[in-house]
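**Q** What follows is the residue order along each chain.
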Amino acid sequence: MLTRAWLGLLALSVASAVLTMLHAPAALIGAGILILALIKSRIILARYLDLSTSPAWLRGFTMVLTGFAIVVFALYLM
Amino acid sequence: MSDTSLIDELPGELLMWVLIISELLVFGAGLIAFMGVRLTDPAGFAEAQSHLYRTGAAFNTAVLVSSGYLAALALYWRQAARRGKARLALVGAALLGCVFLIIKGAEYADKAAQGISFESHPFFMFYYLLTGFHAAHVLAGVVILLFVAWRDDAHNIEAGAQFWHMVDLVWIMLFPVIYLLG
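From first to last, the protein sequence lines stand for chains A and B.
FYI, our numbering numbers position 53 of the first sequence as 53, with every residue one higher than the one before it.
FYI, our numbering numbers position 158 of the second sequence as 1158, with every residue one higher than the one before it.
Hints are computed from structural coordinates only; laboratory data are not their basis.
Wrong hints could be hidden among the right ones.
A partial selection of chain A residues facing chain B, derived with a Cβ cut-off under 7 Å [claimed, not checked]:
hint : residue
1    : L9
2    : L10
3    : A17
4    : I33
5    : K40
6    : L49
7    : Y76
8    : M78
Covered stretches of chain B (in silico footprint by chain A; criterion: 3 or more residues with CB under 8 Å from a CB of chain A, positions within the stretch not fixed) [said to hold, decoys possible]:
hint : stretch
9    : 1005 to 1018
10   : 1025 to 1038
11   : 1058 to 1068
12   : 1071 to 1077
13   : 1175 to 1181
Don't be surprised by glycine CBs; every beta carbon is placed ideally from N, CA and C.
Based on the sequences and whatever the hints tell you, model everything.
**A** Take a look at the structure:
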């Protein structure tokens, strides 16, 4: 499980790098980058920090980090 | 379900979770402030960001998540009473932390060579403040990982790994905002 999490994190990091090279609207790329960061942070919380054993806490952290990403994205679009 | 049982659900040290939440709030506030100040000069922020070494920072992301993997493995091995492998994994995690710091140091040296400092632009004030504060946590994390490799009680390793994953988590949110959202 840990190895799968690590490989997933590496793959998502490569995906972020590829996204920045695409010729697409900045808003789309920005959204993609933040979504990938959110997925990565959830993997770290669930697998590395073992919050997969505590779904309520994992949900709480995910909600707060999603709120943070939405605020950052809104400021990015302004 | 009572509040006490919800608290009890948290894996590892409760105080480490208090620290993790505090650090996420501090860095989160700093990054939101960064994005807020960016509104005053989006073109200047984009120009300043173009001076950053994105490839090195992206490589550092891979370094940190790999280091976190080793720290997580160390706890798994220690709980399975494989102390030698656990210690080796912790030293490996600490070495990768050093690789992160070396790349960060090269990045700062490159900025200095370009004559870029705290005062060059508000972007760089935030850049040095946030990445510097994070690098200080990486340095502290390296010391903690080596310490728990020495005093390798499973609880010590768990607390040290939790700190290290927090450092990882902060970087995962910091990197896209500072380096990529231009």
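**Q** Next step is simple, just say for each hint if it's right about the structure.
**A** Now the hints, each set against the structure:
1. L9: Holds - the Cβ of A/L9 comes within 7 Å of chain B, reaching about 4 Å at its closest.
2. L10: 6 Å, holds
3. A17: Holds: closest Cβ of chain B sits about 5 Å from A/A17, inside 7 Å.
4. I33: 5 Å, holds
5. K40: Status holds, d = 5 Å.
6. L49: A/L49 check passes; min Cβ-Cβ to chain B is 5 Å, inside 7 Å.
7. Y76: 5 Å, holds
8. M78: Since the shortest Cβ distance to chain B is 6 Å, the answer is holds.
9. 1005 to 1018: holds (count 5)
10. 1025 to 1038: Coverage by chain A holds here, the residue count being 6 at a Cβ distance below 8 Å.
11. 1058 to 1068: The restraint on the stretch 1058 to 1068 of chain B holds, since 6 of its residues have a Cβ under 8 Å from chain A and three suffice.
12. 1071 to 1077: holds (count 4)
13. 1175 to 1181: holds (count 5)
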